[in-house]
Amino acid sequence: MRNINRILFIVIILLSFGTSRASAQDVSYSQTYEAPMYISPSFTGLTNGTRIGLNYRNQWPGIGNVFQNYAISVDNFFEDFNSGFGLMWQCDNEGKGLVVDHDVSLLYAYEFSIGADIFIRPGLSFQFGQRKLDQSKMVSFTDITSDGHFTPGGSSMEIERTRKSRIDAATGVMAYNDDFWAGVAFDHLIQPDASFTDVSQKIGLKTTVFAGYRFTYEPSYRGSEPKTVTLAMNYKHQYSYNQLELSAFWYYAPIEIGVSYRGLFFNVAEELSNRDAIIPTIGINVGPLRVGYSYDMSISDLSTFGNGAHEISCIYRIIPPNVKKRSYKMKPVPCSEPIMGYSYNAKSSKKHAKRVGIRK
1 MRNINRILFI VIILLSFGTS RASAQDVSYS QTYEAPMYIS PSFTGLTNGT RIGLNYRNQW
61 PGIGNVFQNY AISVDNFFED FNSGFGLMWQ CDNEGKGLVV DHDVSLLYAY EFSIGADIFI
121 RPGLSFQFGQ RKLDQSKMVS FTDITSDGHF TPGGSSMEIE RTRKSRIDAA TGVMAYNDDF
181 WAGVAFDHLI QPDASFTDVS QKIGLKTTVF AGYRFTYEPS YRGSEPKTVT LAMNYKHQYS
241 YNQLELSAFW YYAPIEIGVS YRGLFFNVAE ELSNRDAIIP TIGINVGPLR VGYSYDMSIS
301 DLSTFGNGAH EISCIYRIIP PNVKKRSYKM KPVPCSEPIM GYSYNAKSSK KHAKRVGIRK
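Per my numbering, the very first residue in the sequence shown carries number 1; after that it's consecutive.
Worth double-checking, as some hints may not be accurate.
[To be verified] What follows is a set of in silico ranges between Cβ atoms, one per label pair, in the way DEER data are often shown: (1) Lys132 x Tyr56: 18 to 28 Å; (2) Lys227 x Ile167: 40 to 50 Å; (3) Arg275 x Pro219: 30 to 40 Å; (4) Phe128 x Ser224: 38 to 48 Å.
[What the hints assert, rightly or not] DSS-like, lysine-lysine: derived pairs with alpha carbons at most 30 Å apart: (5) Lys164 x Lys202; (6) Lys132 x Lys96; (7) Lys132 x Lys202; (8) Lys96 x Lys202; (9) Lys227 x Lys96; (10) Lys164 x Lys132; (11) Lys132 x Lys206; (12) Lys164 x Lys227; (13) Lys227 x Lys132.
Worth flagging that the hints you see were computed from the coordinates, not collected in a lab.
This one's a predicted model, so the numbers in the text were calculated from it and none came from an experiment.
Ideal placement from N, C-alpha and C gives every residue a C-beta, glycine not left out.
All chains, full assembly: derive it from the sequences and hints.
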């Protein structure tokens, strides 16, 4: 069984290298709103103070930790400019170092109101990435023996170019108020070439549509946090790949419990199912710190050997020491409030500040 798993691992890596997984589709974080700037640059600075985020995803650990993803982000809202600025680093490790993709993004969002309670946030990001190939970790079918082992020393395949740099850009816009949010984002506007060979493999334009609504069934009282149920939707399209994620979260401080379904409700072909996973999530909030864990329970054909995916997130907010002395309200981000923290707007009312427990 061990050899069979290794062969499956090799085949998947070969397919990944041959079709360029990164140029076909981006990684999808199961804890969607714990990596907010990955969804859209419009989320940049949508927080009170400085927000620091860490994300780790281990996909298909049952076949040798085939895909691992890491992300570190930091962003802040500057009230004087009604603007949020952010920086995000991501690493996509395929095949235990066979292909490693690094990406650094500089993000910006501007916030303005179109009424007493509705805010608009256009955003933009510029990205620099580099994709590296380690030939010593490559394995071809000629390196596999009849008993399922592979010959040490690496593959006999030779690739002239083992490093590929690129620049890219993304944009998006969102609207939100106390209870809902909705927006659209477009990533890989430049569609750079990610291939190591002369055969072009451009990263396809990714379109993301996201929305949600938060129901407060017990409002805050004397500074306590409200009890809420949040429903969310996240749809992605890249090349011919479509992905729909539907989520529900229940928040009772300090714990948030959620469940998501990822996949379509119909088959893309007669024999091909597009039902991916059921994803339970739990998050714990302690002051400015939130830690979350989720597990992808695969319901696709990969469930027999992939073992789903584990994901861990951590968000820490550094609150300005004088925040309680300010006159603006703390506008809560409705998409899972404890996950996202708070944004603020100078034109907001004092009434809302009192409702969410913020004192002048």
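Here's how the hints hold up against the structure:
1. Lys132 x Tyr56: 18 to 28 Å: Cβ of Lys132 to Cβ of Tyr56: about 20 Å, so the range 18 to 28 Å holds.
2. Lys227 x Ile167: 40 to 50 Å: 45 Å, holds
3. Arg275 x Pro219: 30 to 40 Å: 38 Å, holds
4. Phe128 x Ser224: 38 to 48 Å: Since the Cβ atoms of Phe128 and Ser224 sit about 44 Å apart, the hinted range of 38 to 48 Å holds.
5. Lys164 x Lys202: 12 Å, holds
6. Lys132 x Lys96: Since the Cα atoms of Lys132 and Lys96 sit roughly 12 Å apart, the hinted pair holds (cutoff 30 Å).
7. Lys132 x Lys202: Given pair Lys132, Lys202 holds - Cα atoms ~16 Å apart, limit 30 Å.
8. Lys96 x Lys202: 23 Å, holds
9. Lys227 x Lys96: 42 Å, violated
10. Lys164 x Lys132: The given pair, whose Cα atoms are some 7 Å apart, holds under the 30 Å limit.
11. Lys132 x Lys206: 22 Å, holds
12. Lys164 x Lys227: Distance ~48 Å between Lys164 and Lys227 Cα, so the pair is violated.
13. Lys227 x Lys132: 46 Å, violated
Checked against the numbered hints given earlier, the structure breaks hints 9, 12 and 13 and satisfies all the rest.
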